[in-house]
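Peer 1: Listed here are the chains, written in short residue letters.
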Amino acid sequence: MKFTKLTLGTAAAALLPLAAFAQEATEEAAAAVSTSPAGTETGFILTTFMFLVAGFLVMWMGAGFSMLEAGLVRSKNVTMQLTKNIALFSIAGIMYYLIGYNLMYPGDGWTIPNVLGAFGTTGLEDVGVGADAVDLTYASVGSDFFFQLMFCATTASIVSGTLAERIKLWPFLIFTVILTGLIYPIQASWKWGGGFLDANYGFLDFAGSTVVHSVGGWAALAGALVLGPRLGKYTKDGKVNAFPGSNLTLATLGTFILWLGWFGFNGRIFANTNTAAAGGALAALVMTQLLYKKVDLTMVLNGALGGLVSITAEPLTPGLGAATLIGAFGGVLVVLAVPLLDKLKIDDVVGAIPVHLVCGIYGTIAVVFTNSDATLGGQLISIVIVGIFVFVVSLVIWFLLKAIMGIRVSEEDEYMGLDKAELGMEAYPEFTS
Amino acid sequence: MKFTKLTLGTAAAALLPLAAFAQEATEEAAAAVSTSPAGTETGFILTTFMFLVAGFLVMWMGAGFSMLEAGLVRSKNVTMQLTKNIALFSIAGIMYYLIGYNLMYPGDGWTIPNVLGAFGTTGLEDVGVGADAVDLTYASVGSDFFFQLMFCATTASIVSGTLAERIKLWPFLIFTVILTGLIYPIQASWKWGGGFLDANYGFLDFAGSTVVHSVGGWAALAGALVLGPRLGKYTKDGKVNAFPGSNLTLATLGTFILWLGWFGFNGRIFANTNTAAAGGALAALVMTQLLYKKVDLTMVLNGALGGLVSITAEPLTPGLGAATLIGAFGGVLVVLAVPLLDKLKIDDVVGAIPVHLVCGIYGTIAVVFTNSDATLGGQLISIVIVGIFVFVVSLVIWFLLKAIMGIRVSEEDEYMGLDKAELGMEAYPEFTS
Amino acid sequence: MKFTKLTLGTAAAALLPLAAFAQEATEEAAAAVSTSPAGTETGFILTTFMFLVAGFLVMWMGAGFSMLEAGLVRSKNVTMQLTKNIALFSIAGIMYYLIGYNLMYPGDGWTIPNVLGAFGTTGLEDVGVGADAVDLTYASVGSDFFFQLMFCATTASIVSGTLAERIKLWPFLIFTVILTGLIYPIQASWKWGGGFLDANYGFLDFAGSTVVHSVGGWAALAGALVLGPRLGKYTKDGKVNAFPGSNLTLATLGTFILWLGWFGFNGRIFANTNTAAAGGALAALVMTQLLYKKVDLTMVLNGALGGLVSITAEPLTPGLGAATLIGAFGGVLVVLAVPLLDKLKIDDVVGAIPVHLVCGIYGTIAVVFTNSDATLGGQLISIVIVGIFVFVVSLVIWFLLKAIMGIRVSEEDEYMGLDKAELGMEAYPEFTS
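These protein sequences, in sequence, are chains S, R and A. Numbering follows the numbering used here, with no gaps: position 211 of the first sequence is 211. Numbering follows the numbering used here, with no gaps: position 250 of the second sequence is 250. Numbering follows the numbering used here, with no gaps: position 421 of the third sequence is 421.
Same shape as in the complex, but just chain S:
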C-alpha cells in the first residue's frame, strides 16, 4: 500500500481505491508515481476523486434500500418505511460527524488503546486543510469522511427493513442514533481504525462483510426478537402467511441501485463484485425453480444481494470463477435461510438477516478460500467478537427502549397501517381500495 493515511490503520487503507489500483500496477510503478512531488500531488488528487466517486455510489445505496424496502412492505406502511429511510440516512450523517468518525479513526488518540477511539467532532480544517497541514500522502479529509460515512449509513439501512410494518418511528430513530454514533464506529475501529482485531488477530474484511453487513444484521436480529413478528404472520397452527410486497418494480429498482452502489469499490473488484451478484441471483433463480417449481423474484433479488455481501470481505484475491461461486453460494444460503427464519418465527420483513447477517458471516469466512493471509481462526474469532458485542448491546438498547417508551404500535394501528396511524399520510392514496 502506497497511500496509507497515517491516522488510519493500514487495514482501512485497504479500502483505498487507488491503493488497490497501485497493487495491480505493481508496487514499483506505484512508487514511481508517488515519489516525485508532482506525482504525490497527482496521487492525492486521484485518491480524493476516487473517494468521492466511490462515496457517491455508496450514498446511492440509501436510495436502493429505500426502494427495496418500500417495494417489499404492504402499501399501508410505505410512507413510514420511506420516512424511516430518509431519516436514518440523515441521522447517520450527523452522528458520524458529531462522534462516529473520530471514534472509528482515532489515530493516536485512543481513549482505551485499540478498543475505544477518540471522542470529538470531525474538524475538516484542523485535520486536512491549511497551507501547512495538508498530508498529501492520502486524500482530503472531507472526501474520506464522506466515503466512510456512507458505510455507517448502510448499516442502519439494514435494520429498518427487518423491523418494518410494526415498529414505532421514534424508538427506531433513537436506536439509529446509537447505532450510527456508537455501536458501528466502535466495532469498526477494531478493524478499520487499526484496533485489536486488526492488530492482534489479523482479521481481514476488505469492505465490511462483518464490519458493515453482519453488524446491521445482528442489530436487526436483536430488534426482531424483542419486537416480535407482525400480527397474523405466524398462526397458532404453525402456518406462515406470506405478506406480498406491494411493488416489486420498486424492489427490483432498489436491488439494481444497491448492485450499482456496491461498485463503490474498484478495479478488478468491480468485475468480481458484479459476477458475485450475478452468481447469487442465478443460484437463487435455479434454487427456487427446483425447490418450488416457480422462480421467485424476491428471492432472486435477495440472492443478488446475498452474493454481493458474500464477496464484500474479499473482492480482490478471487478470480472471476471463484468470485462467481462465492456469490452463488451466498444466493443458496439466502434461499435456505429465509424459510429457516420463518420456522424460528423470526419475522424479517425484507429478508435482511439472511442477506446481511448470514451472508456476511459466510463471506468473512470465505476470505480464507482465496487469500492466504487470512486464517480461519482469526476470521472466526473476529466474527464472534463483533457479533457478541453488537447483538448484546443492541438487545439491551431495544429492551430499554421497550421499557421506557414502547417500541411497537398498537394492534389497531398495525392493522390500519403505520401510514395512516402514525403519519396520517398514505403513499398511494389513489391506488388502493
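Simulated from the structure, these hints should not be mistaken for laboratory data. In this text the structure is predicted, and so the values were computed from the model without any measurement. Glycine included, every Cβ here is placed at the ideal spot set by N, Cα and C. Worth double-checking, as some hints may not be accurate.
[What the hints assert, rightly or not] Partner residues are not named here, just some residues of chain S that face chain R (Cβ under 8 Å, in silico):
(1) LEU82
(2) ALA87
(3) SER90
(4) LEU225
(5) VAL226
(6) GLY228
(7) GLN289
(8) LEU291
(9) MET425
Starting from the known structure of chain S, arrange chains R and A on it as the hints suggest.
Peer 2: Just chains R and A now, with coordinates in the frame of chain S:
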C-alpha cells in the same frame, strides 16, 4: 485558482472541481502539478474528467425532478408532468447550444460589456479542439458545455413543479425556451460569465443558490401568480384543501436522486453538501412533529432539498457543524414557508418556491456567515437585481403567453386531468378507478 | 490513439475514454504524458478509472431497461419482465466470463483468423496482474472486462422488451445464454476484436450502433417473427389494439436512466450524446403533435432513445448542431417505424426494434456524414454482414427452442398474465382489481 479558463470569469472557475481540490492541496502543490508540461496535460485530463462526472450527476437531477414531481401530483396529471420534464430537459439542451452558452460565457465578446453576452451557437471545434487551439489550462469545451448546461436545465425543472396540474403543455414549453435560452444565461453571465455582479459587487454564489435556484423560483412564482391556484385548492371560506401526491415512493426516490445529483460539486464540498441535506431533513422532521404532532414525509423531503439549496452558495468555507446548521435552518424555512404561501393563496404544487426561492435567497445571504470575502451588501444587492430581472421578465412573458394563446386548461379538462384531456394517455391506466 | 491495448484491435481502443481525451488534447500533449514512466503509470490509472466509471454507467442501463420495460407492459406481466431483466443481466455476466470475452478479444489467439476468436474463460491474473506481466500502456484487465461486459448485457436487454408478455421464461433465458456467450461476442470480434470488418472493410462503429444495438434488434426481430404477436393485438379486421403500459412514471425513469447510462462514453462525446437524445425526444414530440394532434409520451421516450442509438456509431466527429440533427432524425424514424411494424403485424411490446434496429442501422450509416474516414460501402456491407449473421442464427435458435420446448405460454396463461401463471407472484398485488 490555478485552472482558470480564460473565456470565463474567475468566478465561474470557482465551479471547477479541480480548482477546489487544488485549494485544499495548497496552492504551492497545485503549482507543482501545473507547471511541467506533463502536469498541465494531466490537469487538463483530470479537470475534463471531473466536469464529466459532475455533469452526469447534475444531469441525473433531471430524473430526480421528474420523479419528485410525478410523485407529488395526482395520478390524473402524471403523464403530463413526465412529458413536461423530459421535454424541458431536451429544450434546455438545444437552447443552451443555440444561444445560451455564449450568452453566458462571452469571454471578450460581450454585446454590452458585463451585461449582455455574445450571440452565437456553441462551436466545440473552434474553441477547444484542433492541434493548435487547445487551451490546456482548463478543460475540454465539450465537458464544460455539458456541465454548465445541466445547471441551466435544473432551473427549468424548478418551474414545472410549481405550475403542475393546470398549465397547458405548449405555453409551458415556450416559456422554457425563453428561460433556458435567454433569462437564465443572461443573469448567469452577470456572475459566472464575469459580468457586473461579479466584477463590481463581489457577489459570491458558488454553485447557484441565487443564479440557479432563486431564478427558477422567481420564474415559478411569476407563473403561479398569473396562472392562479388549482380548482378547489382554496375554498371561499378560507379553507386550504390538501391534494395528496399520488406516489410518495417516487417522490422519495426523486429526492434521493436530487441529493445524489447535488454532489456534482466536490471535495469537502461533498461532505458539507451531504450534511446540509441531512440537517434540512431532520429539522423538517422535528418541526412537523412539534407543530403537527405527526412527521410529514413530504416536508422531510422538501426539507432535505431546502438544506441542499441553502448550502449551494457556499459549500466550501463552512465546517461540518456550520454546514449542518445552515442546512437545518433551510429545512425550518421550508416548513414555515409552505403554509405561508397557502395563506397568500399562491398554489405551488410541489413546494418549489419554499425550497428554491426562499432557501436560495437565504443560502446566498448565509455566505457571509462563513466566508469573509462576502459582504452582506454585495449579496443582497445581487439577490435583488437578479430577482427583479427574472421576476419581471417572467411576469411579462407569462402575461403575453396568456394573452396570445392562453396558458390554462379549461375547467373540465382540469377536473378530468391533463393526461386524458391533453394527452389521451394515463400514467397508471390499471391502478386507479 | 496513444493507449492501445495490444491484445485489442485498434478499433476497440477507440472505446477508450482516455484515448478520446488524448485526441482532444492533441497528440503531442498525449505523447508527453505517456512517455515518462510516471506518465505511463498515471495514464494506466486514469484509463482504468475511466473504464470503471464508464462501466458503472453502462451497468446502470440494466436498471433502465428493467424500469422501461416494466413500465410499458401491462401490470399482469410486470414481475415476469423484472425477473427476465435481472436474470439476463446475471447470465450475461457469467457467459461473458466463461466464453464471451476471449471470443471477442482473442488478441493473437484467433481460432479462425479474424473470424472466430479464442475459447477460454477470462483469467484476470494471467493477463493483467502480477509483478512482471502488467501492461501499463492500457488499463487493468478487470476494468476492461467489466466495461466490455456491460455492452454485452445491453444487447440482451433489447431482446427482452420486444418479446414481453408472451414468451416463456426458460427459453428466453436459454436464448440469452447463446446471445451473450456466442452471438454477440463473435460478431463484436469482427469489429472491436480487430477481425475482418475492422481490418478489411474499414468499418467504423464507435460504441455500437451496429455491434450492440442492431444486434439486439435483429435478435428481437427474429424472436418476434417466430413467437407471433400477443393475443388480441391485431384483430382480423385489421385493427391494431393499443395495450397501454401500466406505469409511465417507471418508463420515464427508465429512459432517464438509459440517457444517463449512455454517458458511459466521454469528453465532447457527452455533449454530443446529450444533444442527440434531446433532438430525438423533441423530434418525436413535435411529430406526434403534428401527426396525431397529441403529444405521445411513450414516443417521446423512445425518440430520446432513438437519438441516443443514432449518435452511438459516431459521437466524436459531429459538432453539436450536427449531433442534434442526427439524433432528431432518429426520433423521426422511431415515430414512423412504430406504426409500420404494426402494419406488418410484428408485435414489439416496447418499441425496441424501431429504437435499436432501425436507428442502429441509420446511425451506422450517418457516420459518413461527419467522419471522412468512413465509407458508405464499408458501413453498408458491415451492417448487412452483421445483420444476416445475427438474424439467421437467432432465427434458427428460436425455431429450435420452439420445436424442442415451446417458447410461448398457453392462451389461458397469456390472458391471466405471466406473473400469476408462470411465477405465482404479482408485482402490484394491492393496486389492480
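Peer 1: All hints, please: hold or fail.
Peer 2: Hint-by-hint comparison with the structure:
Given the 8 Å rule on beta carbons, the hint for S:LEU82 holds: about 4 Å separates it from the nearest Cβ of chain R. Taking 8 Å as the C-beta contact cut-off toward chain R, the hint placing S:ALA87 at the interface holds, the least distance being around 6 Å. Given the 8 Å rule on beta carbons, the hint for S:SER90 holds: about 4 Å separates it from the nearest Cβ of chain R. Restraint check, S:LEU225 versus chain R: the minimum CB separation of about 27 Å is more than 8 Å; hint violated.
Checking S:VAL226 against chain R: minimum C-beta separation of about 23 Å lies over 8 Å; hint violated. Taking 8 Å as the C-beta cut-off, the interface hint given for S:GLY228 is violated, the closest approach to chain R being about 24 Å. Nearest Cβ of chain R to the Cβ of S:GLN289: about 28 Å, over the 8 Å cut. The hint is violated. For S:LEU291, the suggested interface contact is broken, since its CB lies about 31 Å from the closest CB of chain R, more than 8 Å.
Because the closest C-beta pair between S:MET425 and chain R is about 6 Å apart, less than 8 Å, the hint holds.
Consistency note: the structure conflicts with the earlier hints numbered 4, 5, 6, 7, 8.
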